[in-house]
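Novice: Fit the two chains together into the complex; they arrive one by one in their own frames, and the hints show the way.
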Amino acid sequence: MSAPEPRSRVPRNRTSGERDAARPREAAEREIDSERDHHRESRSGTAFRAGVRDFLARNAPEPLGELEPAEQLRAAKRFQAAAYDAGLIGITWPAEYGGQGLTAAEQQDYDEEAAHYDLPGSPFMVGMGMCGPTLLDLGSHEQKARYVPPLLRGDEIWCQLFSEPGAGSDVASLQTRAVRDGDSWVINGQKVWTSGAQFSDFGALLARTDPDVPKHRGITMFIVDMRSPGVTVRPLRDMTGRAPFNEVYFDDVRIPADAVIGEVGGGWLAAVTMLGHERVSIGGSVRRGGDPLAYDNLVELARARDRAGDPVVRDRLAGIYARERALALFNTKLRQEAEAGSPPGARGSVAKLAGAELLWQAVETAGLIAGPALTSWEDGDAAAEEMAIAINATPASSIAGGSNQVQRNIIGERILGLPKEPQVDRDVPFRELKVGTQRRP
Amino acid sequence: MQLVLDQEQQELRSSVRKFLAEHAPPQRVRELADGDGHDAELWRRLSTELGLTGLVVPEELGGSGAGHVERAVVLEELGRALAPVPFLATAVLATDVLLGIDDAAARADLLPAMASGELIAAVAWDQESVPAATKRDGAWVLDGRAQRVVSGDIADVVLVQAKTGQGTGWFRLRGEHAAKTPLRTLDPTRRLTNLDFAAAPAELLSSPDPDAVRSRVRDLAAVALSAEQLGGMAKVLEMTAEYAKVRVQFGRAIGSYQGVKHRLADMHSALEQAGAAVRYAAWTADVDPQELPLAAALVQVLVSPANFQAAADAVQLHGGIGYTWEHDAHLYYKRAKTSELLLGTPDQNRARLADLLQI
Ligand SMILES: Cc1cc2nc3c(=O)[nH]c(=O)nc-3n(C[C@H](O)[C@H](O)[C@H](O)COP(=O)(O)OP(=O)(O)OC[C@H]3O[C@@H](n4cnc5c(N)ncnc54)[C@H](O)[C@@H]3O)c2cc1C
Chain W
1 MSAPEPRSRV PRNRTSGERD AARPREAAER EIDSERDHHR ESRSGTAFRA GVRDFLARNA
61 PEPLGELEPA EQLRAAKRFQ AAAYDAGLIG ITWPAEYGGQ GLTAAEQQDY DEEAAHYDLP
121 GSPFMVGMGM CGPTLLDLGS HEQKARYVPP LLRGDEIWCQ LFSEPGAGSD VASLQTRAVR
181 DGDSWVINGQ KVWTSGAQFS DFGALLARTD PDVPKHRGIT MFIVDMRSPG VTVRPLRDMT
241 GRAPFNEVYF DDVRIPADAV IGEVGGGWLA AVTMLGHERV SIGGSVRRGG DPLAYDNLVE
301 LARARDRAGD PVVRDRLAGI YARERALALF NTKLRQEAEA GSPPGARGSV AKLAGAELLW
361 QAVETAGLIA GPALTSWEDG DAAAEEMAIA INATPASSIA GGSNQVQRNI IGERILGLPK
421 EPQVDRDVPF RELKVGTQRR P
Chain C
1 MQLVLDQEQQ ELRSSVRKFL AEHAPPQRVR ELADGDGHDA ELWRRLSTEL GLTGLVVPEE
61 LGGSGAGHVE RAVVLEELGR ALAPVPFLAT AVLATDVLLG IDDAAARADL LPAMASGELI
121 AAVAWDQESV PAATKRDGAW VLDGRAQRVV SGDIADVVLV QAKTGQGTGW FRLRGEHAAK
181 TPLRTLDPTR RLTNLDFAAA PAELLSSPDP DAVRSRVRDL AAVALSAEQL GGMAKVLEMT
241 AEYAKVRVQF GRAIGSYQGV KHRLADMHSA LEQAGAAVRY AAWTADVDPQ ELPLAAALVQ
301 VLVSPANFQA AADAVQLHGG IGYTWEHDAH LYYKRAKTSE LLLGTPDQNR ARLADLLQI
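Chains as they are written, first to last, in full-length UniProt numbering: chain W, 1 to 441; chain C, 1 to 359.
It should be emphasised that the hints constitute simulated quantities derived from the structure, not laboratory data.
You may find that some hints are simply not true.
Said to hold, decoys possible - Estimated spans, in silico, between C-beta atoms of each pair: (1) W:P214 to C:T345: 47 to 57 Å; (2) W:E421 to C:W325: 26 to 36 Å; (3) W:A86 to C:A21: 48 to 58 Å; (4) W:R234 to C:G320: 47 to 57 Å; (5) W:G345 to C:G320: 50 to 60 Å; (6) W:L136 to C:D6: 25 to 35 Å; (7) W:R217 to C:G259: 50 to 60 Å; (8) W:G241 to C:Q147: 57 to 67 Å; (9) C:G259 to W:N392: 23 to 33 Å; (10) W:Q405 to C:P58: 47 to 57 Å; (11) C:G320 to W:G417: 21 to 31 Å; (12) C:H23 to W:R217: 15 to 25 Å; (13) C:E118 to W:V272: 56 to 66 Å.
Unchecked claim - Chain C side only, calculated, beta carbon under 7 Å to chain W, not exhaustive: (14) G255; (15) H268; (16) S269; (17) L353; (18) I359.
Note that this is a predicted model, so its numbers are computed, not measured.
The C-beta atom is built at its ideal place from N, Cα and C for all residues, glycine as well.
One chain only, chain C, in its complex shape (with noise of 0.2 Å):
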């Protein structure tokens, strides 16, 4: 297993660090925070100048044919500058899912736009509710509400996974078919929208095994989001460490004081141990698919609950700086929560890794 970058890798990685701190400060990602929360510009950018959206898409299919290593590395990025793109919606879960289905007709169409940055794509496949496939006059159409559907607001295609009168069946349709009703979040950065279908006109997409393709999409959801969540651990951390070096109380820097200094070293301690699993899990993703379930249970078990923590200390250790609306350790609070959460809750994803050990 290969778990240090190789140096294209290191690369990419600092021309996406260069480019974010650039066209994605922490002033621009307020900005957008206080409005609808997407940089269309930004959005542009990544796809055409850096060509980031279609990463792990082909290069027939108009994207750059790398992998989840790649993927994960400008994830980290991303997770670092919060920065306000629906890669997740488009790069991760709905790219995922075109290219886990059989459906070589809707990739052609879709994925190279996807890839280029024009259309921005969206999956609903929440499973506590489910909306409903039926067939009319040849036709078929989709009702029901998708929860919580991250991008949901932006989506110009949405790809649903909702039951058939046979199991279930992943869907594309217009996202303006949907009535969308955006969501207040916990999460400023990251906007969850409720997609409501009322006899919206939906094409199905060819898959033999629609369960088996929603398995593998989360799975590889939940490597990418560990490595956005790795990005976010790594900022709140280097941002304290900086601040405990230089605000100083009872005449010593607070960073010369054991109780500050062994919080920080935990979270070192922690931000280490799972920057090991994430590159042990996306390189999973990539050469050892059988691994990948047990990769992304093990990676999201150490990693959501870590940072969090580690977002919490940061608030924390700033004291009531960091409990300020203008200081940036709110908004990665945030984010931690979210994401802890987004995919299944902790205890959740330790009782998946139990199933998958068989304990």
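Isolated chain W (complex conformation) (with noise of 0.2 Å):
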């Protein structure tokens, strides 16, 4: 999943509408202009986005940066609870399971009014944006109906367990094991990254059924309940000095025979279905709120730092600002292409991608402004330390999801149809193969 989201005690309140409101009007523009309000208002329903505003201002919390760990899940979870009870959350998510069953148009309304907050949604990000999703995709009506209302409201979170010491970029190599035993499946193996693990009550497992066909063909993807006899979980520091990855151990689990998500044997399907919803989830979401590299909070840091005049300092926060409109602009373009009938598939890898990218131009961008001040600071410099953690946690969004090279990979063999790399290991059955560092199973 996406990286910590390193979180800004600076507001985001220099909105689009205090700009507009700022400009003098043409006369001749008017009319136009009536029309327009005419035609978003019809489009958009303003009573919803009136709703939102008014939860927000009510509701939203103050950034939460300074409390301990166990206190910023509690305070997230209250939010995300109050959030879902006024209809805010899984806005276009079908109401049957818990979802409000709206359109694109009402989730940019929210999305839109929630840009100008620091809210706290990433203990909720896995859940939402890939498992979610996937379970609306290929899971049983028991299992959407029992699993995605509690997510959707925060009461239960979830986390991704597919990345193992020797399988990262090739998720296909993982050997995790599922046996069959009566009516249980028993699990070994060993996770690791696993963002949230610390946290979560489920897991979506990829384990591997039959290591005596090729690799992507004997997976099968299961629900854990990450509290089952056997599940352990050992925090992992990230360069940021922060723990908010983990290993996940697994000896002897025991989980039901309905816990598969789709078929058994068809983890491989699972698996890019919701590495698909990842890309577009990471992507659709990397900058926003109160991320000290995102554009408004580094014109704040050249305006304190008195740099702002400096053509060169103008010039490449006029490049962040051009990039992260594009990217927030394409992902609308997909989310509007999507509700129209053809979803993203592979094209979430653009977003992914830019996203990172433009993470380290921003980086690039810091140290231009701040110069050797991005160094140091004197201890209680709250910002300056929010800044650092962005910085040692930038390398995350190129690796976590698929690294850059992996999407880059995508991009070209998936949407432009380029020939893959050579691949020793497709027909191999799993048993024979070398896999990673690792044992064989």
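Specialist: Here you go:
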């Protein structure tokens, strides 16, 4: 999943609405203007938007950066539940499974209003962005009815159990085993870099159910209760010093037969489905809220350091603004296309890649603006601290959710139709493969 | 905001694409590039058969009363084909000047003839060298030089922003009253001409705020040119991806090497983002005029350099054949560089965006 979002305490308060208001209106444009307002109103429903605005004004918590992790999680869950109860979570999700059954226009309204706040969404990202949509695509009616509503409300948190020490980019090389035993499956193996496992209730687990067929064909996806006996979660520190992800060990963990998502042996399809949702959700979520590396905050930084007048700084800031807008527009376009009936497919990789690259540009610009002052600060300078965390967290977005190289392969092969890399292991039974640097099953 | 094309707009796109594939194939573009660079027959058919020349002209003035989204769609196709027609000069710049000023008589006089393809109009508005307008014996005359006028060589009518005693004004004059010096050009498919005026008889067009007209025309031109660039970019990506599938070196198609594949993936990623921005800017021109300056600056910052990068990568990934005169890659390369600079350099565009953002 995505990089843990660094949080800034600088509120994003310069809205485009305010910019509009500051501009003198040409008399001649008034007519067209009211037509536009009408146009907007009829498409997106100002009543809904007003409701969102009102809800956020009342309920959006202060940024949680200062709180202890456990307290942050409690506050995030409180907000999620309140927003859900107000009808603002799962806006486009089917009403049958606890969503609101509305359209992309309402989602857009919500997103635009929410962008003015630094909302605590990260604990729910894997569930909302990846596991939930995959359940909707492939889950049984019972699974959807049981798991989707509490997932949306934030009552139950999900994680994604794909990566292993020997299988990262090459997910299909995974070695965690699931063996059928009567009415249960018995799981043994190890996952790694599992974001949020420390507070998750459920996980979407990929495990090998048949080592005698080629690697892509012998995998199954399961729902696993993270509180099951035999599940051990050990925190892993990342390069920012925090521990948002984990190693997860499975020792004879028993899960029921009806925990399979999709078909037994159909786990690769399920994985590809989830990875598709993952790219779209990561790509779509990059650079929102209070990221210190977001354009608005870099402008603040430039002003605070008296560097906004420097032509080179202005040049870079304009470039960042342009890329940030381009990415946002592209995401909107993908959403509109999806609503018109053509799902994004592999094109989510474009957003994912563009988002990761944008962050690197922002890191460079932050350095240009602040110079050596970026390297050190006095204890208690929260803004500087958050910037440092953001800089140290930047590599995450080029690795997590499929590295930049892997995204480029996907774009090249699945969108542009270029020939695949030669593959040595496609048709060999998994049992005969040498995988990663690990033992054989 | 609406970033996807509706059914009708998609149909417009495919009919223009089909038409250009038939009537402006690469051989034809090359022939004309070696000649006078203008396909009068193609222009006539685009105007009369497809009605594209007057796309944004109101119906009562002989146009089809469509919007900038439609015009952007057409420009994409023209850019993809490098079609040798004066669309940018006549259907964009001159049309936008006439729609922007306050002169109903001039509009009624010129726009129907422009929309029907009979009249080619060009705009002289370069701010580096601005001709001077003076009144002699009760009539206006222009003196001075207008530089690098797009389609200036074939213009029947030229619209000129000139200095007057009080600021500037928009003038019209007949093409034959300017001395035309066609320039050698970096891009053989886009002709640029210096126009010299020596007491050239001109007519003042009624326009309360000539500079405001210029700004709006400039913004709309940025949107239009970006759309054209997007088309060129899409074409070079397609061409190069196709080539990467069939060209074999070291026993494999070159597209299976990551050094090639990843560059094409980056090209695709830039194209997708540029595409979303062009749709947004064109939509803004139709629906959200207050946001137009910002959207125009945004789209230029994004598209111009990306288009050139794509065109340059296309040459690179084709190897020696791409550097060959007979190959089309260089035509797109030259057009991309010209378009990148036509309305201001990338750093000027970013500075303009920064101004608008009040950084
Ligand atoms: C912050 C963070 C959160 C994460 N959260 C989760 C999670 O919640 N659940 C989960 O299952 N996983 C998670 N991951 C794991 C993540 O999906 C993997 O780290 C990622 O897919 C890369 O795999 P790897 O680390 O094994 O690197 P490797 O696959 O070993 O790659 C090493 C290097 O080789 C390159 N490489 C690999 N294959 C190719 C190729 N074919 N062509 C070119 N270059 C290649 C890579 O780009 C990379 O640069 C997370 C990772 C991070 C950093």
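Novice: Give a verdict on every hint.
Specialist: Okay, the hints, checked on the actual structure:
no.: 1; hint: W:P214 to C:T345: 47 to 57 Å; result: holds (54 Å)
no.: 2; hint: W:E421 to C:W325: 26 to 36 Å; result: holds (35 Å)
no.: 3; hint: W:A86 to C:A21: 48 to 58 Å; result: holds (53 Å)
no.: 4; hint: W:R234 to C:G320: 47 to 57 Å; result: holds (56 Å)
no.: 5; hint: W:G345 to C:G320: 50 to 60 Å; result: violated (35 Å)
no.: 6; hint: W:L136 to C:D6: 25 to 35 Å; result: holds (28 Å)
no.: 7; hint: W:R217 to C:G259: 50 to 60 Å; result: violated (31 Å)
no.: 8; hint: W:G241 to C:Q147: 57 to 67 Å; result: holds (59 Å)
no.: 9; hint: C:G259 to W:N392: 23 to 33 Å; result: holds (30 Å)
no.: 10; hint: W:Q405 to C:P58: 47 to 57 Å; result: holds (52 Å)
no.: 11; hint: C:G320 to W:G417: 21 to 31 Å; result: holds (24 Å)
no.: 12; hint: C:H23 to W:R217: 15 to 25 Å; result: violated (51 Å)
no.: 13; hint: C:E118 to W:V272: 56 to 66 Å; result: holds (57 Å)
no.: 14; hint: G255; result: holds (4 Å)
no.: 15; hint: H268; result: holds (5 Å)
no.: 16; hint: S269; result: holds (5 Å)
no.: 17; hint: L353; result: holds (4 Å)
no.: 18; hint: I359; result: holds (5 Å)
In summary, the numbered hints that this structure violates are 5, 7 and 12.
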